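Based on the sequences and whatever the hints tell you, model everything.
Top to bottom, those sequences are chains A and B.
Residues 1 to 447 in this note's numbering are what the first sequence lists, from first letter to last.
Residues 1 to 129 in this note's numbering are what the second sequence lists, from first letter to last.
Some hints here could point you the wrong way.
Beta-carbon label-pair distances, calculated as ranges [unchecked claim]: (1) A:45 / B:38: 18 to 24 Å; (2) A:61 / B:81: 24 to 30 Å; (3) A:43 / B:17: 24 to 30 Å; (4) A:61 / B:115: 36 to 42 Å; (5) B:17 / A:265: 53 to 59 Å; (6) B:17 / A:39: 26 to 32 Å; (7) B:22 / A:106: 15 to 21 Å; (8) A:43 / B:22: 39 to 45 Å; (9) A:106 / B:49: 30 to 36 Å; (10) B:17 / A:277: 33 to 39 Å; (11) A:45 / B:111: 42 to 48 Å; (12) A:68 / B:20: 31 to 37 Å.
The hints are simulated quantities; they were obtained by calculation from the structure and are not laboratory data.
None of the values given here were measured: they were computed from a predicted structure.
Heads up, the beta-carbon is just placed ideally off N, CA and C, and yes, glycines get one too.
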Amino acid sequence: MESFRIFVVEDDPLYGEMLKHHLSLNPDNEVHLFKTGQECLKNLFRAPSLVSLDYSLPDMSGLEVMKQIKKESPDTPVVIVSGQEDISTAVALLREGAYDYFVKDEDVKDRLWNIIKKIRENLLLKSEISLLKDEIGRKYEFRNVIKGTSPAIRQIFSLIEKATKTNITVSVTGETGTGKELVAKAIHYNSARAKKPFVAVNVSAIPRDLIESEMFGHEKGSFTGAITRKTGKFEQAHGGSIFLDEIGEMDLHMQSKLLRVIQERELSRVGGNDTIKIDVRLIVATNRNLAEEVQKGNFREDLYYRLLGLPIELPPLRYRGNDIIILAKYFVDEFCIENRMPRLSITEAGQSKLMQYSFPGNVRELKAVMELAAVLTDSDHIDEQHISFNSTNASTNFLLEENTLEGYTTKIIRFYLEKYDHNVVLVAKKLDIGKSTIYRMMKENKL
Amino acid sequence: MSSDQGNTSYNLSKLIDYVGDNPDTIREMIGIFIQSARELCTQMIEACANGDVGLVSKTAHKLKPSLDIFGIESLAQPIRQIEAAKDNSIECQTLYPEIMRLHQQMAVVMQQLNRDYPWAENPDLSTMA
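Here it is as structure tokens:
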């Protein structure tokens, strides 16, 4: 840990030198003595960890010096040391942000010693938190968490990268299990807001009556059961990002409140009169088609456009071709490491079985399937008999979409194109259709 | 710690508690004390002579912690009375004898310190001895 820099601002030469000597007894302390307020202020660029400030200085009052310190370096703790005990002065100084106030007596050194100990502990904690945040950032480096090399996923990487460079609202869509929250975290932890909070809210999981209080907080006594003041998710996310999952489930009343908060960048807690400024990056996700919900009158159009921002549509796993195998191997490796098992490989037959399945539960389902397979095998490899699919019938799910015939055709061709690395000749052969049909659909931007 | 070379009106135990018992440091602190206390005493007498009770109280306020640290118990009360003079609306005329007594006692303490810690006021001379 770097040295703890202490400024002693004291015009009494004896007291100043004594404090300097005393505090320097700890070699980790770097003590600077200043006889005037101006001298101290001129040296603030040295970033002191603590300022011990005499209340009555020849050029400025301790209060003036402290105010200036707080203005230039708000986090620096300032301890006021006064020759006289004066409760009203002490209260005023503490209100202005003094860390402590005490009278010049024999206890000063012990009290300063204790304060230094506390501040050092706090600094240590802060540095540990910062290290942990860095670690989380590395953990969510998006190429580490979102696996795959398919064109569809490379396009997602490119969009995530763009999202990290600005504060634009991001709307993530995709089927269940495609990794919407993972994308939200990847954006947050790779952005300039990485060291600030990431707060995730599943809108559909919060009862309708509580959602406003959960999102914006409430004041004590604002409703039955509000026994204390509570800060909401938006306040908690101040400076960072808020991820609103299942935004499509939000009712119209709440939508209008959210719209106001997004527009004004301020909120009021339930039952409160004060407005609180907020600075949050918004990331929303849904598996619904919000444009359709707008048409049906279930979603406010103005909010829809506010939230659209940078749209990121996550491809279903079945459209990601060989990513299925990359992810399957990754999940098996992770599972083996976590459970201290020897590494397992996946046989050709096993891989083929995986590639033929539609994975309606997407990546989440693949993970569960591979973990089960790793448990079921008794050898050093996973074969087709270890892979079992328990989700509802894929083809039934596919048909439940209520698509048009052309829509189904497009989906089928797109699925095969992803699966066979956009090899049009091979796909045409597999589906027994003409290459020109595929080229025509590509030209019409249907694929 | 008080000197065993004769009677002393001071007690350095609080000072040692602060800065440790390194003789050089003690000597350095005594030098600083003598110099600043002498200046403050002179300032106090001048302020009193000029009828500026506010400055008298302020100067006493500055001197008080040093007297406490040097354990000069005989001056603990007088310095506080002088410090409170402005608040108690005591006039300089009334205060003057009290200040002079304090000054005389301070002179005695300084003599004792100079006796017990030679060269404290001018440590450079110690190398010539």
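Checked hints:
1. In this structure the hint that residue 45 of chain A and residue 38 of chain B lie 18 to 24 Å apart at CB is violated, the actual value being about 36 Å.
2. Separated by about 25 Å at the C-beta atoms, residue 61 of chain A and residue 81 of chain B satisfy the suggested range of 24 to 30 Å.
3. Separated by about 29 Å at the C-beta atoms, residue 43 of chain A and residue 17 of chain B satisfy the suggested range of 24 to 30 Å.
4. Our hint of 36 to 42 Å for residue 61 of chain A and residue 115 of chain B holds, since their Cβ atoms are close to 40 Å apart.
5. Taken as a hint, the range 53 to 59 Å holds for the pair residue 17 of chain B and residue 265 of chain A, whose Cβ atoms sit roughly 55 Å apart.
6. Residue 17 of chain B and residue 39 of chain A have their C-beta atoms about 28 Å apart, which keeps the hinted 26 to 32 Å range intact.
7. Hint check: residue 22 of chain B to residue 106 of chain A, Cβ distance near 19 Å, so the stated range 15 to 21 Å holds.
8. In this structure the hint that residue 43 of chain A and residue 22 of chain B lie 39 to 45 Å apart at CB is violated, the actual value being about 27 Å.
9. Taking 30 to 36 Å as the suggested C-beta distance range, the pair residue 106 of chain A and residue 49 of chain B conforms, at roughly 34 Å.
10. Checked against the hint of 33 to 39 Å, the pair residue 17 of chain B and residue 277 of chain A fails, with Cβ atoms roughly 50 Å apart.
11. The hinted range of 42 to 48 Å is satisfied by residue 45 of chain A and residue 111 of chain B, whose Cβ atoms lie roughly 46 Å apart.
12. For residue 68 of chain A and residue 20 of chain B, the hinted distance range of 31 to 37 Å is satisfied, since their beta carbons lie about 34 Å from each other.
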